[in-house]
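Participant: Single-letter residue listing:
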Amino acid sequence: MSTSVSRMDEDQIEVDTGKVSVVPGTMIEPQCATFCLQDEDHTLGNALRWALMKNSEVDFASYSIPHPSEARTNVRIQTSDNTTAADAMYKGLDDLADLCDHVIQAFQAELAKGEFEYEEEENAF
Amino acid sequence: MVPEKKNFSHNDLDTLRSRVIVERDRVTSTASTDFPHNYPGQDLAWDFEKFKESFKLKINKLSKTEMEFDMIGIDAAVANAFRRILIAEVPTMAVSNVFIMNNTSIVVDEVLAHRLGLVPILADPTKFDFKGKEETPTDLNTIVFKLQATCRRNPNAAEGETDPLKKYIHANVYSGDMKWSPQGDQAERFKECPIKPVFDDIVVTKLRPGQEVDIEIHCEKGLGQDHAKWSPVATASYRLMPEILINGEITGEAAVRFQKCFPAGVVDVVKENGVKKAVVVNPRKDTVSREVLRHAEFENKVKLTRVRDHFIFKIESVGAIEPQDLFVQAVKVLMDKTGTVKRSLQSTLQAE
Numbered sequence: 001m002s003t004s005v006s007r008m009d010e011d012q013i014e015v016d017t018g019k020v021s022v023v024p025g026t027m028i029e030p031q032c033a034t035f036c037l038q039d040e041d042h043t044l045g046n047a048l049r050w051a052l053m054k055n056s057e058v059d060f061a062s063y064s065i066p067h068p069s070e071a072r073t074n075v076r077i078q079t080s081d082n083t084t085a086a087d088a089m090y091k092g093l094d095d096l097a098d099l100c101d102h103v104i105q106a107f108q109a110e111l112a113k114g115e116f117e118y119e120e121e122e123n124a125f
Numbered sequence: 001m002v003p004e005k006k007n008f009s010h011n012d013l014d015t016l017r018s019r020v021i022v023e024r025d026r027v028t029s030t031a032s033t034d035f036p037h038n039y040p041g042q043d044l045a046w047d048f049e050k051f052k053e054s055f056k057l058k059i060n061k062l063s064k065t066e067m068e069f070d071m072i073g074i075d076a077a078v079a080n081a082f083r084r085i086l087i088a089e090v091p092t093m094a095v096s097n098v099f100i101m102n103n104t105s106i107v108v109d110e111v112l113a114h115r116l117g118l119v120p121i122l123a124d125p126t127k128f129d130f131k132g133k134e135e136t137p138t139d140l141n142t143i144v145f146k147l148q149a150t151c152r153r154n155p156n157a158a159e160g161e162t163d164p165l166k167k168y169i170h171a172n173v174y175s176g177d178m179k180w181s182p183q184g185d186q187a188e189r190f191k192e193c194p195i196k197p198v199f200d201d202i203v204v205t206k207l208r209p210g211q212e213v214d215i216e217i218h219c220e221k222g223l224g225q226d227h228a229k230w231s232p233v234a235t236a237s238y239r240l241m242p243e244i245l246i247n248g249e250i251t252g253e254a255a256v257r258f259q260k261c262f263p264a265g266v267v268d269v270v271k272e273n274g275v276k277k278a279v280v281v282n283p284r285k286d287t288v289s290r291e292v293l294r295h296a297e298f299e300n301k302v303k304l305t306r307v308r309d310h311f312i313f314k315i316e317s318v319g320a321i322e323p324q325d326l327f328v329q330a331v332k333v334l335m336d337k338t339g340t341v342k343r344s345l346q347s348t349l350q351a352e
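Taken in sequence, the protein lines are chains A and B.
Numbered per this note's numbering, the first sequence finishes at 125, counting up by one with no gaps.
Numbered per this note's numbering, the second sequence finishes at 352, counting up by one with no gaps.
Honestly, the hints are just simulated from the structure, not real lab data.
Incorrect hints may have been included.
Unchecked claim - Far from chain A, some chain B residues (derived; all Cβ distances over 10 Å):
1. Arg26
2. Val27
3. Pro40
4. Arg115
5. Pro125
6. Lys131
7. Lys133
8. Gly160
9. Pro182
10. Glu216
11. Ala254
12. Gly274
13. Val281
14. Arg290
15. Glu299
As the list claims (entries may be wrong) - List of simulated lysine-lysine pairs, DSS-like, C-alpha gap at most 25 Å:
16. Lys113(A) - Lys56(B)
17. Lys131(B) - Lys179(B)
18. Lys301(B) - Lys277(B)
19. Lys91(A) - Lys50(B)
20. Lys113(A) - Lys61(B)
21. Lys64(B) - Lys113(A)
22. Lys301(B) - Lys285(B)
23. Lys113(A) - Lys332(B)
24. Lys314(B) - Lys113(A)
25. Lys58(B) - Lys113(A)
26. Lys56(B) - Lys91(A)
27. Lys91(A) - Lys332(B)
28. Lys146(B) - Lys191(B)
29. Lys113(A) - Lys50(B)
30. Lys19(A) - Lys332(B)
31. Lys131(B) - Lys19(A)
32. Lys166(B) - Lys179(B)
33. Lys52(B) - Lys91(A)
All C-beta atoms in this analysis are idealised placements derived from N, C-alpha and C, irrespective of residue type, glycine included.
Chain A on its own, in the form it takes in the complex (with noise of 0.2 Å):
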């Protein structure tokens, strides 16, 4: 898998380099990795967490916010030879990207069908 940005992703989104670390020491081997997340927290975290488990190649993934009173999550990331944390990691957001994506689709279909009860008048104020 390629881990190089297209030219035109870098034209068009600024990519924001401090968001994501590794905490040093933590790559000993490709295969294992503790990411560092700037300004994530839970909603984030577990979500992502959730994902990385889902992949048959991840031996352990698990996240953590190691202080309250700093905006940093970090996620930890064991996989097998078959891939690497790096690319675990990528699969991990596509899938959750792609969840995301088919959960808003469901949702419009189903608004458009209009099959609900529609309260017109707001009986609370």
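Got chain A sorted already, so can you dock chain B onto it with the hints?
Facilitator: Leaving out everything else, chain B in the frame of chain A:
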């Protein structure tokens, strides 16, 4: 996909995998275990096609401010991400700077500013930019309101009138007194839906004759994680679908007693060959109070569970953004997060 109807005796793998078990004084089997290598002979790895087949979304109720829908076939980690994003990471516009030229009302400046901060603003946040700390306010990142009110005696008030609202003019200052002052081309951009507070009847402060407020209010785009005033929802929550399993039959007067253990509409008592019989008709309405588990006569006759991947999701909007738009925006926020992290990781690893 979750196995449909279960019979009572199940303490099998299917139940443990798909149900949270509610006992008299504890819950068991709470964590999801549908991961690869967990169960021999079962794949359980992520499969987008399988997900598309099993995922179901059904909207039950919708109004201007509230919506309820069922989301089936998704893990709690993802459902919870949607919930958390709705509360803390969908942007809205809210008052962030209050310039008080004059305030002789009973409410002191800082309290008044805080009260104004919590007034929800009806404006489309997608049409605004976030204002950086060092950035100056422009028509693209700031909404300006003027709040000017002076209280005086009402010359037409009846003699001996004691109600301040009748005795004085402008005794109460309401959110509706905030007058939008369009900047740049804002008047043109928002002529379809002029910017205003969501509610006109929020009391901001009270005045007596001679007192006045003269305030300029600046609203900015922000996130609920920075301050609750930017949260687009009163709350967003979900609960798992309750399930009530009866072992064999509950008949006669016991059926009536059984029915009384649940909220109205959950259990029906039907007559079968002249004998009363309890039937579960609508477990959705159950509050899972576990009352039924306190009765010795129903021991081993009933089992309460919740379907682990059936979320009854409720969104209660503050009113600035309609709930159906909120959900789509929330899911998009999660999707954007995955893209941001992926691109950043790629550039980080490239640099190494």
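Participant: Each hint should be assessed against the structure and marked as holding or not.
Facilitator: Verification of the supplied hints:
| no. | hint | result |
| --- | --- | --- |
| 1 | Arg26 | 23 Å, holds |
| 2 | Val27 | 19 Å, holds |
| 3 | Pro40 | 13 Å, holds |
| 4 | Arg115 | 19 Å, holds |
| 5 | Pro125 | 18 Å, holds |
| 6 | Lys131 | 18 Å, holds |
| 7 | Lys133 | 15 Å, holds |
| 8 | Gly160 | 34 Å, holds |
| 9 | Pro182 | 27 Å, holds |
| 10 | Glu216 | 28 Å, holds |
| 11 | Ala254 | 35 Å, holds |
| 12 | Gly274 | 38 Å, holds |
| 13 | Val281 | 19 Å, holds |
| 14 | Arg290 | 28 Å, holds |
| 15 | Glu299 | 37 Å, holds |
| 16 | Lys113(A) - Lys56(B) | 14 Å, holds |
| 17 | Lys131(B) - Lys179(B) | 22 Å, holds |
| 18 | Lys301(B) - Lys277(B) | 13 Å, holds |
| 19 | Lys91(A) - Lys50(B) | 17 Å, holds |
| 20 | Lys113(A) - Lys61(B) | 13 Å, holds |
| 21 | Lys64(B) - Lys113(A) | 18 Å, holds |
| 22 | Lys301(B) - Lys285(B) | 20 Å, holds |
| 23 | Lys113(A) - Lys332(B) | 21 Å, holds |
| 24 | Lys314(B) - Lys113(A) | 19 Å, holds |
| 25 | Lys58(B) - Lys113(A) | 10 Å, holds |
| 26 | Lys56(B) - Lys91(A) | 24 Å, holds |
| 27 | Lys91(A) - Lys332(B) | 18 Å, holds |
| 28 | Lys146(B) - Lys191(B) | 18 Å, holds |
| 29 | Lys113(A) - Lys50(B) | 23 Å, holds |
| 30 | Lys19(A) - Lys332(B) | 19 Å, holds |
| 31 | Lys131(B) - Lys19(A) | 20 Å, holds |
| 32 | Lys166(B) - Lys179(B) | 23 Å, holds |
| 33 | Lys52(B) - Lys91(A) | 18 Å, holds |
This entry satisfies every hint, going by the numbered hints stated previously.
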